[in-house]
Amino acid sequence: MSLRIVVTVKYVPDATGDRHFADDLTVDRDDVDGLLSELDEYAVEQALQISENSDDDVEITVLTVGPEDAKDALRKALSMGADKAIHVEDDDLHGTDAIGTSLVLAKAVEKAGYDLVISGMASTDGTMGVVPALLAERLGVPQVTLLSEVSVEDGTVKGRRDGDAASERLEASLPAVVSVTDQSGEARYPSFKGIMAAKKKPVQSWDLSDLDIDEDEVGLENAYTTVDSAAERPARTAGTIVKDEGEGGKQLAEFLASQKFI
Amino acid sequence: MAEVLVYVDHVDGAVRKPTLELLTLARRIGEPVAVALGNGAADTAATLAEHGAVKVLTHEAAEYADYLVVPKVDALQAAHEAVSPAAVLVSSSTEGKEIAARLALRLGSGIITDAVDLEAGDEGPVATQSVFAASYTTKSRVSKGTPVITVKPNSAAVEAAPAAGAVEALSVSFSAQATGTKVTGRTPRESTGRPELTEAAIVVSGGRGVNGAENFAIIEALADSLGAAVGASRAAVDAGWYPHTNQVGQTGKSVSPQLYIASGISGAIQHRAGMQTSKTIVAVNKDAEAPIFDLVDYGVVGDLFDVVPQLTEEVKTRKG
Ligand SMILES: Cc1cc2nc3c(=O)[nH]c(=O)nc-3n(C[C@H](O)[C@H](O)[C@H](O)COP(=O)(O)OP(=O)(O)OC[C@H]3O[C@@H](n4cnc5c(N)ncnc54)[C@H](O)[C@@H]3O)c2cc1C
Ligand SMILES: Nc1ncnc2c1ncn2[C@@H]1O[C@H](COP(=O)(O)O)[C@@H](O)[C@H]1O
Chain A
1 MSLRIVVTVK
11 YVPDATGDRH
21 FADDLTVDRD
31 DVDGLLSELD
41 EYAVEQALQI
51 SENSDDDVEI
61 TVLTVGPEDA
71 KDALRKALSM
81 GADKAIHVED
91 DDLHGTDAIG
101 TSLVLAKAVE
111 KAGYDLVISG
121 MASTDGTMGV
131 VPALLAERLG
141 VPQVTLLSEV
151 SVEDGTVKGR
161 RDGDAASERL
171 EASLPAVVSV
181 TDQSGEARYP
191 SFKGIMAAKK
201 KPVQSWDLSD
211 LDIDEDEVGL
221 ENAYTTVDSA
231 AERPARTAGT
241 IVKDEGEGGK
251 QLAEFLASQK
261 FI
Chain B
1 MAEVLVYVDH
11 VDGAVRKPTL
21 ELLTLARRIG
31 EPVAVALGNG
41 AADTAATLAE
51 HGAVKVLTHE
61 AAEYADYLVV
71 PKVDALQAAH
81 EAVSPAAVLV
91 SSSTEGKEIA
101 ARLALRLGSG
111 IITDAVDLEA
121 GDEGPVATQS
131 VFAASYTTKS
141 RVSKGTPVIT
151 VKPNSAAVEA
161 APAAGAVEAL
171 SVSFSAQATG
181 TKVTGRTPRE
191 STGRPELTEA
201 AIVVSGGRGV
211 NGAENFAIIE
221 ALADSLGAAV
231 GASRAAVDAG
241 WYPHTNQVGQ
251 TGKSVSPQLY
261 IASGISGAIQ
271 HRAGMQTSKT
281 IVAVNKDAEA
291 PIFDLVDYGV
301 VGDLFDVVPQ
311 LTEEVKTRKG
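First to last, the protein sequences are chains A and B.
First residue of the first sequence: 1, per the numbering used here; consecutive thereafter.
First residue of the second sequence: 1, per the numbering used here; consecutive thereafter.
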C-alpha cells in the first residue's frame, strides 16, 4: 500500500514585519520579507509523523500557489523532510481570492494525485481559515478540519476537533482533506542534513495552462470580492500610564469607575 | 423588501448572542429570515421573533449533530433556493466560517469573513474588516453572487425589534457528501459559570507573568468581581496553566469586549490580533517597555501580584 499526502503551504509576509497593502489593495508581497506560514509548519509536521508511524510507503508532496519567492516556503518544507514540491506560479494569479485559490489548489492536487491533503488551520496573513473547507467541497471528499490530533490507519483518517462547545472525535475514509491546528504538536526544525538534502529534492513548476484553468477564473479582476478601501487604523490615543507605588490597584479601580465599568 | 438569511447558532434551542447581533445587522440590509437547524430548532423562534426575524425556517435531523459541517451547508443551500435572499449572514465561529465558505462556493458567490461592521451600499452590503492584527481597516463587498458574510461576535448591539417570526419547516435533501465525516464522539466543554469568552463585555486575561496554574486564581478572582470572562496568552496556555479554549489571539479566540484587562502579557503581535479591537484596554505589567502599553487606555507598571488583588478588593468594595 502506498499513501500520497499533499501538504498545502502558503508563503506569507512576516507578521512581525511591517505588513501593508499595495496600490491595488492586494497584500504587498514585494516590499515585505516573506516566509512559510508558521501555521503550515504544523501541517508539514503532521504529514511527517503520519509517514513515520505508517508501515505503508508514504510520499509527501508540498504544494504552494504563489509568486516566485514562494519557493522559499517549499524549500523550508522540504528541509523539514517532505519528499517533493510543486509550485503553481502564474502572473495571472495576482490578487486571486480564497475561492479562486481553492480552485487552483484543487486542480493541482488532482493533477499531483493524492489520498490525503493536509492544510494549516489558517494562513497568517489572510487568516480566513476557509481554504481547506473549500478544497474539500471542490474535490468532493470529506473535510476533517481543525484537528488538534490526527492519525491515519487502514484508509481511515481520525482526529480530534476542539470546538467552542465541545471536543469532537471525527472519522472519515480517504481520500480526504484535513487541516491541523497549532495544538497538534510542535513542528520540528530542519536539521543541517535536511537542509542539504532539500537542495536536491525536485520542485516542479506549473502554470495555469498546466492545470487547464482559464485566466478569467482567477486574479484580482475576477475575484469574487472587492476591497474598496484600506486605511491604516489611527494609532490609539496615548493612554495614561502610572507606576505602581502601592496604590496601583486603587488607581486602576478609579479609572474603571470613571469609565462606568464599576 | 429583500430578505436576508441569518444562520442561527443555538444550543438545543437556546440562541447564542452573536446570532441576535446578526439580526441587528441584517435589518440594515433587509428583512431577516432565520435558519435554525438540529435539535430544538423550533424553540429558537420566540427569541428570534423578538429580535426581528420575520420568518424562522427550521429543520431537525440527526445528521446535523452526527456529521461535520456539510449537512448544515445543504440546509442553507435549500433555504437560499426557497428565499432568494439579498445576503447570507453567519457568525464567525470556526464552524460558521467553514459553513459559509462551502455555501458561497456552491452559490457561485464571494465570501467575506470576520466582518466587524456591515451597512447597506449601492452595490450590496459593505463589510468593514480589521486586518493585519487590526493595524488596517478595510471596506469590502462581494462582487459576484449572493453575498455570504461572516461577522465577528460583539460587532453590533443586540436590539429588540419584534417581528412575526413565523415558523416554517424547511425541506432539505442531504447531498452525497453530507455523511462524509462522522462525529464518533463528543465531550461537551464544562461550563465554568463565567460568560462566554467571545461574547463577554469584559475579558480579564493573564499571561506568562502569572507564573503558574495556581496563580490564575488571582486572574479569576478579578474576573469574577467584574462578571468577566477569563482569557490567557498562548505562553500561559502552552505552559499548561490555562485551557486552550481560553486562549486569546491569532490561533485562539478573537475578542472585542468593552473592556480588556491584560496582566503579565507582553502584547506580541499574535496576541494583539485577537484583542486589539477591544473598546477599552487596560494592562498591568512590570516592564514599562512592554508593547502592550502602546495599546492601553490605562496602564499600571507594576507587579501583578500586588496590583491585581488590590484592584479586585477595590472593585468588590465599590460594588458593595
Ligand atoms: C503562528 C503563531 C500564532 C500565535 N498565536 C498566539 C495567540 O493566539 N495568542 C497569544 O497570546 N500568542 C500567540 N502566539 C505567541 C506570541 O508570539 C507570544 O509568544 C505570546 O503572546 C507571549 O505571551 P505572554 O505575553 O504571556 O508572554 P511574554 O511575552 O513572555 O510576556 C510576559 C509578560 O509578563 C510580564 N511579567 C512577568 N512577571 C510579571 C509580574 N509579576 N507582574 C506583572 N507583569 C509581569 C513581563 O514583563 C512580560 O511583558 C503565536 C505565535 C505564533 C508564531
Ligand atoms: N496560496 C496558497 N498556497 C498553498 N496553500 C494555501 C494557499 N492559501 C491557503 N492555503 C492553505 O489553506 C490553509 C488555510 O488558509 P486560509 O483559508 O487562507 O486561512 C493554509 O494554512 C494553507 O494550508
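Hints listed in this document are in silico derivations from the structure and should not be mistaken for laboratory results.
Each hint should be verified, as a subset may be incorrect.
[To be verified] Under the rule of at most 30 angstroms between Cα atoms (straight-line distance), these lysine-lysine pairs were calculated in the DSSO-like manner: (1) A:LYS243 x B:LYS319; (2) A:LYS107 x B:LYS182; (3) A:LYS243 x B:LYS279; (4) B:LYS286 x A:LYS158; (5) A:LYS243 x B:LYS316; (6) A:LYS107 x B:LYS319; (7) B:LYS139 x B:LYS17; (8) B:LYS319 x A:LYS260; (9) A:LYS243 x A:LYS199; (10) B:LYS316 x A:LYS260.
Hint consistency between B:LYS286 and A:LYS158 [alpha-carbon to alpha-carbon, up to 30 angstroms]: violated, 45 angstroms
Is A:LYS243 close enough to B:LYS316, meaning Cα to Cα at most 30 angstroms? Holds. A:LYS243 to B:LYS316 sits at ~23 angstroms (cutoff 30 angstroms).
Please verify whether A:LYS107 and B:LYS182 have alpha carbons no more than 30 angstroms apart. holds, 26 angstroms
Given hint A:LYS260 paired with B:LYS316 - CA-CA distance at most 30 angstroms: Roughly 14 angstroms separates the two Cα atoms, so the pair holds.
Are the Cα positions of A:LYS243 and A:LYS199 separated by 30 angstroms at most? violated, 54 angstroms
Would the hint linking A:LYS243 and B:LYS319 be met if the CA-CA limit is 30 angstroms? Satisfied, since the Cα-Cα distance of roughly 25 angstroms is no more than 30 angstroms.
Starting from A:LYS107, check that the Cα of B:LYS319 is at most 30 angstroms away, please. Roughly 61 angstroms separates the two Cα atoms, so the pair is violated.
Is the straight-line distance between the alpha-carbon of B:LYS139 and that of B:LYS17 30 angstroms or less? holds, 25 angstroms
CA of A:LYS243 to CA of B:LYS279, is that 30 angstroms or under? Within the cut-off at roughly 23 angstroms; holds.
Hint consistency between B:LYS319 and A:LYS260 [alpha-carbon to alpha-carbon, up to 30 angstroms]: holds, 12 angstroms
The structure fails hints 4, 6, 9 (numbered hints given earlier, in ascending order).
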